Amino acid sequence: MANNPKGWPGVEDPLWYKDALIYQLHVKAFGDSNQDGIGDFRGLTQRLDYIQELGVDTLWLMPFYPSPLRDDGYDISDYQNVHPQYGTLA
3 MANNPKGWPG VEDPLWYKDA LIYQLHVKAF GDSNQDGIGD FRGLTQRLDY
53 IQELGVDTLW LMPFYPSPLR DDGYDISDYQ NVHPQYGTLA
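Note that our numbering has the sequence shown beginning at 3, numbered continuously upward.
Please keep in mind that the hints were generated in silico from the structure rather than gathered at the bench.
Since we're looking at a predicted model, the values are computed, not measured.
The C-beta atom is built at its ideal place from N, Cα and C for all residues, glycine as well.
Where hints are given, some of them may not hold.
Said to hold, decoys possible - Here are the computed distance ranges between Cβ atoms for each label pair:
#1 E14 to A92: 13 to 21 Å
#2 E14 to D38: 35 to 43 Å
#3 V13 to L50: 13 to 21 Å
#4 D73 to D15: 32 to 40 Å
#5 D74 to Y25: 26 to 34 Å
#6 I40 to D15: 31 to 39 Å
#7 P86 to Q26: 16 to 24 Å
Please take these sequences and the hints and turn them into a complete structure.
Written out as structure tokens, the structure is:
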């Protein structure tokens with residue numbers, strides 16, 4: 003446990019990211035589950051098998067929080083929620 007002080011499951015090496023394949027993903031552009039032209043978390047989760055087949059170890063998600071979207075989502079207005087276009091926390 004010395005290498006995993008927070009006790010996270012599956013994390014034995016604190017430097018795991020040095021050899022990991024990290025895939026940056028914009029939720030709104032990846033998978034659209036309801037055919038409204040905007041990707042959402044349901045669409046993303048439906049395609050997780052595809053991402054795994056690519057050999058991806060970790061997803062780095064671009065901003066998905068509520069935002070006025072004047073700065074492509076980086077102008078976050080609520081850090082504890084999901085932008086309604088992308089789904090919900092439920």
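- request: List, from low to high, the hint numbers that the structure doesn't satisfy.
  value: 1, 5
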